[in-house]
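Peer 1: Sequence order for the protein chains is A and B.
For the first sequence, my numbering gives the first residue as 1, with consecutive numbering after it.
For the second sequence, my numbering gives the first residue as 1, with consecutive numbering after it.
It is worth saying that the hints were derived from the structure and are not from the lab.
Treat the hints with care, since some could be wrong.
Claimed, not checked - Once the Cα atoms are required to be at most 30 Å apart in a straight line, the calculated DSSO-like pairs of lysine-lysine come out as:
#1 A:LYS457 x B:LYS236
#2 B:LYS131 x B:LYS236
#3 A:LYS322 x B:LYS250
#4 A:LYS370 x B:LYS36
#5 A:LYS316 x B:LYS40
#6 B:LYS96 x A:LYS375
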Amino acid sequence: MAAKKTINQGVEWNYSPALESTSHVKLKSKYDLYIDGKWVKPQSKKYFKTINPANEDVLAEVAHANEKDVDLAVKAARKAYRNVWSKMAPSERAKYIYRIARLMQERARELAVIESLDAGKVIRESRDVDVPLACNHFFYYAGWADKLEYAFPNRKVEALGVAGQIIPWNFPLLMAAWKIAPALAAGNTVVLKPAETTPLTALKLAEIIHDAGLPSGVVNIVTGYGDTGASIVNHPDVDKIAFTGSTGVGKIIQKAIAGTHKKSTLELGGKSANIIMDDAPIDQAVEGIVNGIFFNQGHVCCAGSRLFVQEGVAEKVIEKLKHRMDSLIVGDPLDKNTDIGAINSKDQLDIINGYVKIGNAEGAEMYQPKCKLPKSGFYCPPTLFMDVAQSSRLVQEEIFGPVLTIQTFRTVDEVLQKANNTPFGLAAGIWTDKGSRIFNLTTKLRAGVIWANTYNKFDPTSPFGGYKESGFGREGGLQGLGAYLKMN
Amino acid sequence: MNNKNGFEIPDFTRSPAVDKVGVEERVSRFQKRSIKNESKMQGLRMALNMIDLTTLEGKDTPGKVRQMCYKAQHLHDVYSGLPTVAAVCVYPSMVKIAKQEVKGSGVKVASVSTAFPSGQAPLDVKIMDTKFAVDQGADEIDMVISRGRFLSADYNFVFDEIATIKEVCGKARLKVILETGELVTLDNVRRASDIAMYAGADFIKTSTGKIQPAATMQVTYTMLEAIRDFMNATGKQIGMKPAGGISNSKLALHNLVMVNETLGSKWLTNEWFRFGASSLANDVLMQIMKAETGVYQSSDYFAID
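So that you can see chain A by itself, here it is in the shape it has in the complex (with noise of 0.2 Å):
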């Protein structure tokens, strides 16, 4: 090898690929229901394909349920609650969500991966994110499936029956385990719909739970589209609805549930405020704004959507973060440098680049870093928009993808008016280095969940739920378990 020249001058340092491995993920070409602890054929007859939205390879023919499976899905619910699942000591319930969660663990590296390939989402965030809360959210639970009469002092608890719940897209096998585990602690069993474009990991948990020989019947998988989840809501024989997903179809479930016995849990949309006054950490505060919004492709319904920065920082933080948007990297999912995946799917980067044409028409100053982005695939690079007024759609409606609004104020009554300035309220973040500022603010902000000084941190004995119309109920803690259960 002949001599190399000592290097002197600064050189590009460009990472090269490192791809996660598939070989060791095992995934079917076609997917039944799972029901009554058996994988059965759909009545519908019908199936239809789930896509990688990183290079829109299929990945597998999923079954689409229609009201019949729904049906029978229930009536296996309802059995198994009648005849199994109620009259079992709670603390043998608790072996069985204690068996799924040590499963999931052992099967972590494939979980995440399937996650990453059917949702688009980093590896790097399935990894290290999704897969390890969805596991931590039933060892939670099944801690409390044998105490719930010290979980809530002086009340009769009894569970309510057959759960119907319908999980979106954004984080698909974490959200499986938020309904799925305390209903079952509680003592419910359930029928649960994952969203149309991403079903591979709820029907790798329903092989998980099926491997953990849960009773059949106690957790049915029906996969479809929104008729599916009309027909679970619809079912007269469902004790309690818990859905997360749009205002939209949150308004529609509510509509038709009303005049029924029917309980409901409704975690919809946001438009979060992240708000850095002029003390702040500024440069944590930037880490903080870009795990806010561009956390899994801004497809987070409490994304920091919306920044508010105190005037005397204003031109520091924009100049910083863009700096930090510059080094992001966005493209393959599967690859372990990768910060910014793929967007879920075709609908979701059309309403994306949507509202990205309303705010150039609009004339608000955009920027997007200089990043390359994949030929195949649906991708948006991050991206920021500067001086929108509050009245811009951009400011006000949810856009669910990796593009935040700026705006700038001067006083702390202002950023609260503006903050709360919204039909929504689910999350907010506050930056400051003073501890008596953040607790007046925390105490005046409408919203279930407010971060101090970080931003999207979740934890399974945190409540997590809304205001207005990002949705009422709280999943998570203690609250959480208690929407599951009739309290006298």
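Starting from the known structure of chain A, arrange chain B on it as the hints suggest.
Peer 2: Chain B only, in chain A's frame:
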């Protein structure tokens, strides 16, 4: 107040706040970067070329220094084409010997000074110490700040001392050691970094290697952000040297990732970034040989000068 460099000296009591939890989170993102194949080889070579091979012991002898200087230029001769390290770092009494040994190789000689490592000496002693090292031929001076004065908030004293030593250095580049293990908080690390840069440091350096913890990634990251802000405010580029505790390739690569993503590729050269380390070189060599041959060789195959 303007100094002779033409930029305004800020109020150091108002250095930006640093949030430790946030810094830890940012650092964990650097640690999650997966550096493979060609980028790994490029990174390892860069790391080798950025090392300040160091011996700072009371029992150092001319013989030991000579051997280290040879190693600095001949890292692993069984494999040709490797770069040299950036510099050797010694006590002032060893500068002359080191200077003779590395002559013509491009390897620099750095000398610690100002009553290293404690800095517990009067200013005139520190000036003499530095002047001696410069006169012996040191290309670079690694000074320590007066931590006691810093912790008692006597920032002007610390500033003036650095500015004075800078004048004594003449053409030698000045690295200012903050000894972050004694400053304890990241807020202090940030403030000391600002003071050192405004007072005339060419490099800021984490530690002497005598105090733990030394160059943690959290501390280095805080200093890199200070360098970036200083560059934006003054247009002047400052170098960074984490020293102490960086003993393996993985940690070195994570440090380089951090430099690359915080400051940019302009800093990816030994003009602007150094590792103060003695055992790092052999681990990097071991990784390079593993990449070349496909198998790990025992540490006995790498010389330990």
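Peer 1: In ascending order, which of the hints set out earlier in this document are inconsistent with the structure?
Peer 2: 1, 5 and 6
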